[in-house]
Structure formats: structure tokens, C-alpha cells
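Residue numbers (UniProt numbering), protein chains in the order written: chain V, 1 to 337; chain H, 1 to 337; chain Z, 1 to 420; chain D, 1 to 420.
For the record, the hints were derived by calculation from the structure and aren't laboratory data. Keep in mind that a hint or two might mislead.
Straight-line alpha carbon distances no greater than 30 Å define the calculated DSSO-like cross-link-like pairs of lysine-lysine that follow [claimed, not checked]:
(1) V:108 - Z:382
(2) V:23 - V:108
(3) H:180 - V:334
(4) H:180 - H:43
(5) Z:405 - H:334
(6) V:110 - Z:382
(7) V:254 - H:334
(8) D:382 - V:43
(9) V:33 - D:338
(10) H:110 - D:324
(11) D:324 - V:180
(12) V:254 - Z:405
Since this is a predicted model, take the numbers as computed values, not measurements.
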Amino acid sequence: MTQMTLGGAINSGLRHALADDDKVVLLGEDIGKLGGVFRVTDKLQEEFGPRRVMDAPLAEAGIIGTAVGLAFRGYRPVCEIQFDGFIYPGFDQIVAQVAKLHYRTRGKVKVPITIRVPFGGGIGAVEHHSESPEAYFAHTAGLRVISCSNPQDAHTMIRQAIACDDPVLFFEPKRRYWLKGEVSEELGADTLPMGSARVAREGTDVTLAAYGPLVPTAMDAAAAAADDGISIEVIDLRSLSPIDFSTVEKSVRKTGRLVVTHEAAQSGGIGAEVAAAVTERCFDWLEAAPARVTGFDTPYPPAALEEAFLPDLDRLLDAVDRVMGRRNSLTGWKATA
Amino acid sequence: MTQMTLGGAINSGLRHALADDDKVVLLGEDIGKLGGVFRVTDKLQEEFGPRRVMDAPLAEAGIIGTAVGLAFRGYRPVCEIQFDGFIYPGFDQIVAQVAKLHYRTRGKVKVPITIRVPFGGGIGAVEHHSESPEAYFAHTAGLRVISCSNPQDAHTMIRQAIACDDPVLFFEPKRRYWLKGEVSEELGADTLPMGSARVAREGTDVTLAAYGPLVPTAMDAAAAAADDGISIEVIDLRSLSPIDFSTVEKSVRKTGRLVVTHEAAQSGGIGAEVAAAVTERCFDWLEAAPARVTGFDTPYPPAALEEAFLPDLDRLLDAVDRVMGRRNSLTGWKATA
Amino acid sequence: MGYRAYRLKDFWQRRRMLSAAAIQARAVHERELRVIVSTTHEHTRTETLAEGSDQDMGPGQLEDIVQLIRPDGSRAESPGFDPWVADVTDDQLVDLYEDMVVIRRIDTEATALQRQGELALWAPLLGQEAAQIGSGRALRTDDFVFSSYRENGVAYTRGVDFGDMLKVWRGIASAGWDPYAIGMATPAVIIGAQTLHATGYALGCTYDGVDSVAIAYFGDGATSQGDVNEAMVFASSFQAPVVFFCQNNQWAISEPVGLQAHRHISDRAPGFGIPSMRVDGNDVLAVMAATRIALDRARSGGGPTFIEAVTYRMGPHTTSDDPKRYRPADDLEEWGRKDPISRLGRLLESRGALTGDVTKRVNDKADAVAREMRAACVALDKELDPMMVFDGVYEEPHSGLERQKSQYAAYLASFEGGEQ
Amino acid sequence: MGYRAYRLKDFWQRRRMLSAAAIQARAVHERELRVIVSTTHEHTRTETLAEGSDQDMGPGQLEDIVQLIRPDGSRAESPGFDPWVADVTDDQLVDLYEDMVVIRRIDTEATALQRQGELALWAPLLGQEAAQIGSGRALRTDDFVFSSYRENGVAYTRGVDFGDMLKVWRGIASAGWDPYAIGMATPAVIIGAQTLHATGYALGCTYDGVDSVAIAYFGDGATSQGDVNEAMVFASSFQAPVVFFCQNNQWAISEPVGLQAHRHISDRAPGFGIPSMRVDGNDVLAVMAATRIALDRARSGGGPTFIEAVTYRMGPHTTSDDPKRYRPADDLEEWGRKDPISRLGRLLESRGALTGDVTKRVNDKADAVAREMRAACVALDKELDPMMVFDGVYEEPHSGLERQKSQYAAYLASFEGGEQ
Ligand SMILES: Cc1ncc(C[n+]2csc(CCOP(=O)(O)OP(=O)(O)O)c2C)c(N)n1
Ligand SMILES: Cc1ncc(C[n+]2csc(CCOP(=O)(O)OP(=O)(O)O)c2C)c(N)n1
Ligand SMILES: [Mg+2]
Ligand SMILES: [Mg+2]
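Bound conformation, chain V alone:
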């Protein structure tokens, strides 16, 4: 076990992947000498050379499309998208090629591409640097979508993603890059599979499902609620495609209540899927309608407004009160639409 930051744990995971399999190549903007704008690829080019760790021309479609070609040739490319908001120029190559090539060829062509995306807000950045585009990809058949919330998962999951024979979108919670924790670099048979959710804290009254940057926030909420006599079970979803609904279902059948949270806009976000699927699976167990605590249906606001936009402890606890049938901010609120 070594103490690492979340970003450092991904760096070490990438190092393992590069060392373990010489078909693994990294491709992205500024990932070489600079080590990436978040230093997640720090020193990797120095260690593995400019062929294994390639600075790419400034074009996301180019990066993803080139990775598809490398995959055709048997490589396992790991692409870095510099910030969430810059993934869209590569969207076509991801949705029409990366996601569909395996199905198109009925498995003849494997597409073991990993796309790393630092995502989410809370770092006071300018436009396009704080977005949460994961729902687009979770809605896209053929992709796997995962997100980590702590250094150990960051390390394990990046290695699992690269080892996976399917394309994986790996969403890295950028505001948690500096979060520290103990990391074991041994992956064994008992390592949690990439597609599994994790019960991060057990509880009996409310299930609180989160992923990526909001898992620490959810843990804080659970601690605060405990003071108030409410027992929250926190589930770190970890995988957004597939979603490990059996773990969520088990929890909700126990608690009867669900709050789901993410930074992305509410409409059509992951929370909608979680709420809908849990309702399908647990209708008879539910004491209240699942509640969503999410970013608003607005573009990501300027930094001075991001606190209003981002789900936080208070908004989570307000929703917990709501599903618990306690007085909350919507008590007495009248819908106008």
C-alpha cells in the first residue's frame, strides 16, 4: 500500500498498463513532456518513449480516429481528452465508430480503446472546463462508461479499463485529483470488477447513489445525516454503463428510499435512468419517489456561480428530508409548470 493522490494513482495505473502490455499506447494533447495539464501522464513519455506516449496534433476526432486505426492493428490505445468540454469534436468517431465497430463486424474487430476524460466542475475554471458529459455516452450502446471516486479505484479501474476488450470511457473527477489515499497495486481475483457498484457506507433509511466527484460529498452527507439520526447507505455506482442495478436494488429494497446525485444536467441525466430503473425494479418497496439532486438544465455557469449549480451537502440533505417525508425546501412549494 502506498499513499497516492487520485491523479497519481491513475498515473501509476497507466505505468503498469504500459509496462505490462506493449500494445498499450497513450495518445493525447500535451501528454508528453508536459505530462498533461493535470500531470496525470507525468514522466510516462520519458520512461516509455515518444512512441508509446504520443503528443497528438490538436484535434479530438483525429485522436479518436487514429486510435480506432491502431485498434484495428491490434493496439490498445488510451486517449486523453484534455477537458470534458473538448470531447465533442471527437463525438462522431466515438459514437459512430468506437461504439459500433464491434457490433458492425459481429465481433471480428475488437476495439479496446480507453478514453480518459477529466470531468466535472468545482475548480473555478472558464467555460467548457467543468462539464459532465457522461450521460451522452451511457446512452450510447457499445460503450462502457465508468468513473472513479478515490485513489484505489482510480488505480484499479484505469487498469481494468485498458485491459477490457471493449471501449471504455473513463471519467476522472478532476476536482478530486488531489484527494489522497492508500493504494494497493496488486490486482487479484478478489478485486472488484469494473462494472460493479460499491457500497461505500452502509445504512438503513435512505440509499444515496453517487459517482465520481460527488461520492465524497455523499459520504459527508451521510455523516451529517447520522448526527441527525438518519442512516444513509451510500452507493458509489462506479460504472454507468452498465449500471450495477442489482447492488442498487438490494439497497433500495432495504431502505425503501433513493436519492441519486450527479453534476450533469438533470433532464436525461444518469439520475433519470437510475430513478426509472429502480422504480421498475423496486416499485413495491419504495416509500417515496426517488429524488434527484443534480446540476440544473443550464450550461455550466461561470465559476462565480458554480456553487449554486453543483449539488452539495445541503442540497443532498434537503432531498434526504424529502424522501424521508420530513420538512424540506419543497414543503408547501407550488408548481407553476
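Following the hints, put chains H, Z and D with the ligands in place on chain V, whose structure we already have.
Then chains H, Z and D with the ligands, alone, in the frame of chain V:
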């Protein structure tokens, strides 16, 4: 009132828009002499000239980005994307520019761009010609997303979309282009607003929400269910951003049961949002969990398999049975995951 | 030393260790390229067009083009290109002739199958036979093709099974063949996307230390797409062994090439640091020579090359299209005179190589292929097991999809056993 | 008549009715362009690079470049460009000098504000003053600028309010100013996206029958993006009156321009049918001349022009960046000698135009601007009303968003009145 096909009704709507406002310009691939691959722009270039109806070079980002520049200059561009699956190269311009420019400039720049997208399957086409990408856009704040299901709406809504000062994604149900109906070209104060849902058939037992190509299927299902003594209320959502939840809510509070259907993949589709939001609003009225009848979480399959993929009468009625608590295909089915 | 050289240092070092033979070969092709490059320079003088002239000089015109066989069948000389096809015997020319006749027959037969309801759609290549055969036959089996939907002639040169060729058009598969079996990716429907795949694949060849080459086929319309331009950026930056092969057939559905470009399409690549050639795409020998030059450059570490093969789409865009709405009537007549098959036929005749026997053999072969193809077509299932809709989405199990599959199986089962 | 001419027929007819004066002007600039175009031709000879040489000749080099003021301050002659700045008096040169001194001070002051926590971020333009002032000052107020994030110097020439200039960097707005108030769109953060907007806007100018021009600013890195290439396709196809102004500052964050291009960036445009110029971007006069040529072409119906201004980013990418990780130390020294301000200073000195009085006036102005800017900065609110998060998403009401807004207002209200 004139008898028109759905495609013809859009053509006539475009003609009105071009005639009414000389800031309206059409831009797309093959929309000029050819009149579009579905002939929706037939004869418009001949009538209004090659400046108003422009064949564009083969590049979707180019088309959308050029439209953004035209909007900056006060124009109201109407872009045609030839087929659903070809919208992705323009995704960045749509999501990062068209959707966000108004918010970015706090309303200083208006973006009255309409993006027409023939969408959905059922026409036996090759890959990328039968997709339903609407959920991506409904999840994108700053856009409006609508879809029509009959000639009258097709005509009215394309004109409303073009007249709207916000960007509108207009999803045209391509397999219904040849559907005929009476169309009035008079838009008046009593014309249903673009953002409103429509109760297409009244009923008391189950609310069936559909949009675009599946509205006729839903109507057939309602007719068939009536024979069986089940009264289905069919709601044509028409608008997917915003969704007119007050109409849906009213219906579900009456019926206590909801089935929602679309061709797009289930996970993270519009159905997830409808189910989640209706559960939030109508939890105490619901007799059963809302059911979704959708395309599968697979890429759109080859034509020979599309019947399996597409929601049809039987699958709708099966879900109706489910929410009615009647014997259905999942009776006795055991989940494995 | 510049940073580029620094970055690619070991890359170049490996290159420098190329065998003396390869270096020799390279010297040869560099001489060739000077010929080509200066041709390219000539084109840059058509600047006037961008100045707003309405002269009839556009990207569809045939001036300044490499041609080895004239439309009348006579042999044109080209000191730059001739050496690259000096080894082509009359017998081999006959083979090329046969290939072209056969793929024209394939095209006709497939169109007929479509009319008869056996295929849902077909994208004819009529008129583009020389561009596809001349380039396809220049490839080695270990090269890899990334194409668009119209390259059925290229697929034929890769030895594709006829049933596999038709699956997509019959609607029973999204892609017909195993890319690795024939060294050809399944066609890209998204215009231009495959050019980046070719670039990445080519880079992989370099990494693997093999001299296989990737070739990307795309149309004139495709050159407007960002992807194609980014592919040139990446190929140039990484010096990937890739050949960009643009069939300028003058149309992107109803849009004339002049809408996509005001200059020769081949003029674009040099700005990206990629040498280009502009050849008569209806001249199978010129196309073959150009492709060989490009392949040789790529194999010997010379990086990417761009070929514009100027040809003409004599048919509709697809069987669903109606070119009468947009195509000037006299175009067909004009381009009919430049037909790729008849011009090679005339050359062969003039050399006495197209005897009655040969003609018969060729026609018999075409008939046989057509029969084989039709048989393969109707033998393909038209209906598939509905559960196949779930096959191959993922390589590893995906719980969400497994659940849908299991539910759908239950749904299908609920129809069995009659009324419930 | 070709199809292109056909399609654009009435467009050309309008053009032909241009006033005699405009035609006259056009004749002049066409002569100029011939000069330029042949410069471009010279560049196409650096083919060797694409051949895999590791010579130090790349897109960052300064050979074959248009220069009117040498680094030592002496005036270089250029028959093609001189006439375009013949009207620039010494007083006007002093104004340009002042502009550059002022924006350098703006840059320094903003960097200081960032260090002091008043701004979250700043993207310095140090070293690029001539490129931005020379081009910005060539524009008319009715022209329209589409820029990236680094063009604060251009924004200054458009008369932007200092508070507005800083809002984005202080984190209180996604865009600081009203585009229509200063004729400049709010900067695009998505690299390259704005080039298409400029193209569309320019097309709109043509449609409106005005001779305003759109100018797109972007970096060397941006040239790799599909959007920038598509913008050239569209601009050429529609003959839009747009100027593509590339500041090649040799870096895209940590990536040297040689990674994006193996040839001069200005070599790319001609292949798209767009004439291009390559000018010394640290020479304010050369930049102004080139921009005027391009603007004049655009105004008189000549269509798009591409300008590559070769300069150097002397600072970090942004205040968050650490160029020590990647930038060779001697680059700064080399480019320091080519500084845009000191070279103009030397020229003015040699003409006796930079008297003590003038220097004092310029410095006073810079001081005043810095003071004004700092005051404007700290006067801007740092905290905003949370409800503003909902403002401006749509122009017309959107029921879903209204509901969220109303719920959030209730949420905020629930904190009032203490414990519940
Ligand atoms: C991204 C994308 N946009 C639009 C289309 C629709 N489309 C199919 S073929 C075609 C024209 C292609 O022209 P070209 O590249 O010249 O190839 P050709 O058909 O002439 O072989 C178009 C617009 C598509 N397939 N993909
Ligand atoms: C689509 C996109 N990808 C990546 C980025 C991240 N990024 C911001 S600036 C930059 C480098 C831009 O270089 P260049 O175009 O040369 O402009 P310069 O910064 O030198 O002015 C990058 C990669 C971005 N903003 N947008
Ligand atoms: Mg074509
Ligand atoms: Mg730069």
C-alpha cells in the same frame, strides 16, 4: 385544408417561412436541385434562389458552424442533416456553440437556428440511416427539441421552430414522410404551442406517451386495447425539451399507469426522463411502475433485424398488460442481473 | 536539431537503418516525386479561380493530369510514371481488362438484383473501374484497405466472397466480411471517417516494424469533411505509411465537385506536407503507376502520399437516386468517350492482345461471376433470428444488455404455445 | 459555363456591377497577390521535409517571410506590401507603438492581478503585440472579429471596456462583452470553432450587400482542427469575405508547431483556393499591410484570404502553465531579439519620432490604462446572486427550466428565517 403528406407539409411550412421572412435561409447537403434525399426541400431552391436555399459542402460541422455565423449576423438558418446518423460530426458545434451562445452572452446573441433531422428506423436502410439521437439533445441545456407525428403538426411545428428565437432540433419521423392528412396553413392564436403535448386519444386506464414515428403505433395499440376492454390515453409528447409534464401528469393522475415508448435505446433515453419525472410528480397516484418500450441498448441493427428492434403493437400491448397487472411476457420471468 | 526531429528521433534512427536496397529504391522514387511535385506546382498557378473568375476551370477538369493510356487507346509516355509499370506484360494488361469487365458485370448484376427485390440498395461504381482495379491490384495482401461504400471493385481485388459483398445491401448485416480475412476494413458509411482509421493503422504498421501500408479510399465530397483534413494532419505529423486515394467522380450525390473545391483536390495535400498526384482515374495503368509510387514511398519510410484519381460516376449515387434531377445530360456522353474499359480494350487490340479467344474468356468469366454472385445472393437468408439483434455489441458481458436480452427472449417465448 | 458559375450566377452578376473604383482597387490588390502567391510557391519547394529529412526547416522558421521592419528597426522594402502602408504617417506609427506598449502593460497588469488573486486565470499575449495591433488597427468598426481567448490586444483595438475584458478571467461571466457593441464576438474556447462562425457571418455580409468583413483569429494549434479546415472549404466555396488570421506563436500549450504541421501553415490555404500570405508577426507594419490587402480583397468581392503571422508566445500558455517543462531556454533569448515593440521603437528613434515627450506620453497612457483596468477589476463583483445561474439559457420561456428555477428559489428561501 389541403391533403398533404407529412413530408409535403414540412415542405409547405418551409415555403411559408422563406416567404414570410427574408432572413430565413436553408442550408444542407443536396437540398437544392435534388430537393433533399427525401424531397422535403423540393423546388424551394428554384423558387427562392441558391442564396436562400444553399447546397453546402459535405461537412456537418461546417453547416452548423456557418449557420451560427449567419445567426450572429441576424439570419435564421434552417439546417438539414441528411440522416440522423450524420449529425455527430456537427455535434460539437451544436452542443458547444448553438446551445450555449445565448447563455454565454446572457442573451446578447440570439441563435434562432433550426436543425432538421429525419430520424428513426423502419425504412430498411443501411447503418447510420435509422438512428434516434434525440436524447443527446434533450439532455443539452440551451436547445429545444421537438418531433412531429402527423402532417398538421409537421407543418405547424416547422414554422414555429423557425419563428422561435431559440435553437430548435426538429426531428422528422422519416418513415412517416408519406403519411397523409389534412393540413391547414393558417396559424392562429389557438394553434397549439410548440412546447405542448397533445392528448391524441382519451382514455382512462393507461397513459401511453409517444412521439414522432411511434405515435401512429401507439394509436393502433389503443385501438387494439379498446377491443380488449382497456382504455388507453395516448399522449403525443411533441416536445422533448421541454417536456410538457403538466399534460402527462394530468393524464397519469387519472389513469394511474404509464407506458412510454421510443425507438432510441432504453438506457438514458427520453423514456427514462419521462418515467423519472412522472414518478416524482405522481408517486401517490401510480398503480404500477411506469413501463418503457424502447429500442434495445444495441446499435441500430441491420434492416433484417429492425422489426425485432423497433417497438411495435405487440410490445406496447405487452407493456400495457404489465402495468395493468395482467399476465404478460415477464410474468414468471426471473432476473439474472 | 529541430523539435520535430527530436520527438521522432528513434523513429528516424530506425529509418536510417533501412537496408541499402530500400535506400536505393527510395532514391528512385524521390526522383519520381520531383516529377510529381512539379506537376503539383503547376496547379497552384490556377490561383485565378479563387480570385473569382468564372472560367470553366475547376476540380473536375482534366488538364495537367497523368495519363498513360489515352481515351483512344494509344499509349501516352510519361517519364515519371512509365518505369513504375514497365513490368506490366500484355497478359497482365489482359488480366486488368478482365477485372474491369468483371466488376462492371458485378455492378450490373447487383443493380438487377436490387431491381428484382433481392437487394435493398446498391451503390454502382460504373465508370470508376480503372480507379478501383488499378489501385486495388497494386496492393499487397498484407496491405490494408479502408474504404467507403462504393469500393466494391477494390473489395473484388481483395478476394471478397460474393455473399459477403452483398450482405449489407441485402440488409442482413451492417458489414459483410471479416476485415482480417481480406485485408480490408468494412466500408465506412460516415463520410471520411475511414481516413483517420487508415492513418492509425498505418502508424501501427510502423510500430510493428513491417512495411505494410494502409490505403484510404474516399470521394471528392469527403474532402470537405474535417476528418479527412485531420487525417492529413496526423499522417503528416506521424509520417504514417498511408495512401490517401481520392476518387474524384465529380459528384457527392447531387453536389458537383465544384461546390466542395475551387481548386484541384490534389492541390490540398501538399499544404499538409503530403506530396500528391493527379491521375486520369479512367486509365488503369496511370492509376496503377501512381499507386505503386505511393506504396513504395510508404514502405520505404517516405510517409503519406495523396492520389486524386479523376473519374466520373456514370450511374446514380445509389439505386435510390435520380440523377436526372441534377446531372447535365451531355456529361454522360462526354465521359462515355473516356470509358476506362474500352480504352484499355483499344490498347490491347492495337497490340493484338485482345483476340476473340481472350474476349470470350473474359466474357465467360464475367458471366460465371454474375451467376455465382446471384446464387450467393439468393442463398443468403433474408430473415434472421430476432435474437441476433443482441449479438456482438460487446466483447465482454454487459449486465444491462444481458437483462434486455433475457426479457426479449421471454417476450418471444410468450408467443409460443398460442393464446395465454 | 461550369456548374459553379451557374450556381453562383447572380452572385457574380452582382460582383460585376461593382463600382469602377472598386475594380481599380481590385486590380491593384491582384497585382499584390501575385507577389504573394509566388512567395507561396517558393514554400512548396520545402517538400523535403515531408520526405523525412531532419533539417531544421519547419513551420516556425522565418525564411521567405514578409517583413517591413527588421528586428534592428531598419525599414525593409517590399514592392508588394509597401503601397498598403504608404499612408501611415510617423504619428500613426507612434500610435501603433503606444497601442503595443499599452497592451503589453495590460498583459503585465492582468498577470499581476491573477497573482494577487483578483483574477482566476489570464492568457498572456506577450510577444504577440504586433500581430494583434497591426491587424486590429486595420479593421473598420463595421467589420466583425471572431477570436480565441488570447486576443485581448485585438479586443483593445475594438474599444472593449476593461471591466468587460476581465469578467471571464475573474470567473463572473462566460463572456465579458456585448459582441454587437464592439464588433467582436466573445472568444471561443473550443479551439477553431470560431473560424466557421466568421465564415457564416461573412456570408451574411455578402447577403446584406455591405462590404463589411469578418476576421477570424486562431492559433497554429487550431489549424489541426477539422473546423478550421471546413471553414476554409466553406469560405472558398461561398467566396465569403472573411480573413483567416493565424497567429503562429509556435506553441499549442506544450506542443511545438512542428507537431501540427511539417510545412508552413500558410501553405495550406492555397490548396483550398484561398490565397495566403506569411508575414513577420512581430512587425506591426507588415501585419497591417497584409491585413489591409486581405480586407480589401474581401470588400471588393475577392473572397477569403489567409494570413499567417509568425510570432512567438513569450509567456506561458496561461498563468496556470509552466513552460519550463517544455520550452527550450534559448528560444526566449532568440525571440527576445525580435521583439515587436523595441523594433518599432528603434525605427521611430531613427526617424526622430520617439522623443522624450512621446515616450513619456506613451508610458503615462500605459500607466493610466493599468490603473483604470485594476480599478475596473476590483470593482467587479466577485460574488453573484445564485439565481443568476438560470439567466439567459433561453430567449423564450422553457417550462422545465422554469420549474427548476422556482424550486431552487424555494430552496434558497428555506435558509432564511433560521432553523425550521
Ligand atoms: C457524415 C455524413 N454525411 C452525409 C452522408 C450522406 N452521404 C452519403 S454519400 C454522400 C456523398 C458522398 O460523396 P463522395 O465523397 O464524393 O463519394 P461518392 O458517393 O461520390 O463515391 C453523402 C452526402 C454520410 N454518409 N455521412
Ligand atoms: C477543442 C479543444 N481542444 C482542446 C482545448 C485545450 N486547449 C486550450 S488552448 C490549447 C492550445 C491552442 O493552441 P493554439 O491554437 O496555437 O493557440 P495559442 O494558445 O497558441 O494562442 C489547447 C489544446 C480546447 N480549448 N479546445
Ligand atoms: Mg464523389
Ligand atoms: Mg499557438
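Verification of the supplied hints:
This hinted pair checks out: residue 108 of chain V and residue 382 of chain Z have alpha carbons roughly 22 Å apart, not beyond 30 Å. With a CA separation close to 18 Å, the supplied pair residue 23 of chain V and residue 108 of chain V stays within the 30 Å bound. Restraint check for residue 180 of chain H and residue 334 of chain V: the C-alpha separation of about 42 Å exceeds 30 Å, so the hint is violated. For the proposed pair residue 180 of chain H and residue 43 of chain H, the alpha carbon gap of about 20 Å is at most 30 Å, so the pair holds.
This hinted pair checks out: residue 405 of chain Z and residue 334 of chain H have alpha carbons roughly 12 Å apart, not beyond 30 Å. For the hint linking residue 110 of chain V to residue 382 of chain Z, the alpha-carbon distance of about 27 Å falls within 30 Å, and the restraint holds. Between residue 254 of chain V and residue 334 of chain H, the direct Cα distance comes to roughly 20 Å. Compliance with the 30 Å bound is thereby established for this hinted pair. A threshold of 30 Å between alpha carbons decides the hint, and for residue 382 of chain D with residue 43 of chain V the separation of about 38 Å lies outside it, so the pair is violated.
Restraint check for residue 33 of chain V and residue 338 of chain D: the C-alpha separation of about 27 Å stays at or below 30 Å, so the hint holds. A hinted pair counts as satisfied when its Cα atoms are at most 30 Å apart, and residue 110 of chain H with residue 324 of chain D does not qualify at roughly 43 Å. Under the criterion of a C-alpha separation no larger than 30 Å, the hint pairing residue 324 of chain D with residue 180 of chain V is consistent with the structure, at around 27 Å. A C-alpha spacing of about 27 Å is found between residue 254 of chain V and residue 405 of chain Z, which places the hinted pair at or below 30 Å, so the restraint holds.
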